[in-house]
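S.K.: Read top to bottom, the protein sequences are chains A and B. Going by the working numbering, the first residue of the first sequence is number 1, and it counts up by one from there. Going by the working numbering, the first residue of the second sequence is number 1001, and it counts up by one from there.
Since the hints were made in silico from the structure, they are not lab data. Among the clues, some could well be false.
Unchecked claim - Here are the simulated DSS-like cross-link-like pairs (lysine-lysine), alpha carbons at most 25 angstroms apart as the crow flies:
1. 61/A <-> 101/A
2. 3/A <-> 1131/B
3. 101/A <-> 1076/B
4. 1076/B <-> 1037/B
5. 101/A <-> 1037/B
6. 1101/B <-> 38/A
7. 1050/B <-> 38/A
8. 1131/B <-> 27/A
9. 38/A <-> 3/A
10. 38/A <-> 1076/B
One-letter residues, chain by chain:
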Amino acid sequence: MGKVIRFLPLIVFIALCVVLYRGLFLKPQELPSALVGKPIPAFTLTQLKDANKQLTAEDLKGDIVLLNVWATWCPSCRYEHPYLLDIVKSSQVTLYGLNYKDERDLAVKWLDDLGDPYQFSVFDEVGRLGLDLGVYAAPETFVIDHHGIIRKRFAGPIDADVWQREFAPMIKTISQERARGE
Amino acid sequence: MAKLISILALLMAFTGSVNAYAAASETHEFTDPVMQKRYQSLVKELRCPKCQNQNLADSNSQIAIDLRNEVYTMLKQGKADMEITSYMVDRYGDFVLYRPKINELTYVLWFGPAVILLIGVLIVVMVALKKSASHKELELSEEQQQKLDKILAEKD
């Protein structure tokens, strides 16, 4: 017993080292979304390219839906853009955009210049839907399943690595669930 | 001592300037002082999701400005503080609360320090008891005491 107590400070010290060392590699920026497991919040907004066309949550249809939050003021969105063009070509997902706190003219011009990977973009000028989705910066991407339930939120730009690591497993899970008829 | 006082004065001057800066970024005006108090305590209690070590009051990031506006609008609509915080938690998760909820995830956070303090006190008490116990062992037995008395008597 006496021997154990003598080594107790050393044991505590080593345990502390392990905990703190692990802490170095945690990513506090990766917040879990409060929206995971919930449906897309209700909204009524216009389509980016057609100010007269009203959109609601019902319009974001698809088997596996990606909702990508983007804006022309966001440099990472420019970085991400070519990968989005690739993804819609090579994957079975349906991609919608949420143009977040942006100017309509600039955003339309961006899509004309760089190409438009989206089925359509929802135009959220004041960031109302963004707030309801818990968006705190662009780009962010939500994965929505065939029941309209948000399954994942990813904050940050997508590239080929991120796609393989973060999105491919979730998309596989959802398509398996669909195949099982869940 | 004079040095210490001057250092303290300097520190206080600094914290004063920081507060003044935070207040400078505030644009909302209240006619009702109670509502203003509630607003100020809410933006202090809510964390900015983007700049993670600042609350809404201190941060000048776009999202913090948006959320401050949201708090302001909700207060004006007559929403209760609880409604406002749960509105934020529904969107940004428990993370936005600077004072975390007490649940199974945060038991360690809330009660860990008290438990560690208790363990510390127990260890100190145990060590102290052991010390006084070993003192008892050092006391002379009756036989030894007689022997000692005898030796001391002989010396005289």
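S.K.: Taking only the CA atoms, is the gap from residue 3/A to residue 1131/B under or equal to 25 angstroms?
M.R.: Between residue 3/A and residue 1131/B the Cα gap is close to 17 angstroms, so the pair holds against 25 angstroms.
S.K.: Do the alpha carbons of residue 1131/B and residue 27/A lie within 25 angstroms of each other, as the hint requires?
M.R.: violated (47 angstroms)
S.K.: Mind checking the alpha carbons of residue 101/A and residue 1076/B for me, to see if they're no more than 25 angstroms apart?
M.R.: holds (23 angstroms)
S.K.: Keeping to a limit of 25 angstroms between CA atoms, is the pair of residue 1101/B and residue 38/A held or broken?
M.R.: holds (21 angstroms)
S.K.: Please work out if residue 101/A and residue 1037/B have their alpha carbons no farther apart than 25 angstroms.
M.R.: violated (30 angstroms)
S.K.: Holds or violated: residue 61/A with residue 101/A, Cα cutoff 25 angstroms?
M.R.: holds (23 angstroms)
S.K.: Given the hinted pair residue 1076/B and residue 1037/B, is their Cα-Cα distance within 25 angstroms?
M.R.: holds (13 angstroms)
S.K.: Take the C-alpha atoms of residue 38/A and residue 3/A, compute the straight-line distance between them, and say whether it is at most 25 angstroms.
M.R.: violated (55 angstroms)
S.K.: Need the status of pair residue 38/A, residue 1076/B: alpha-carbon distance at most 25 angstroms?
M.R.: Outside the cut-off at roughly 28 angstroms; violated.
S.K.: Compare the distance between the alpha carbons of residue 1050/B and residue 38/A with 25 angstroms, and conclude whether the hinted pair is satisfied.
M.R.: holds (22 angstroms)
In summary, the numbered hints that this structure violates are 5, 8, 9, 10.
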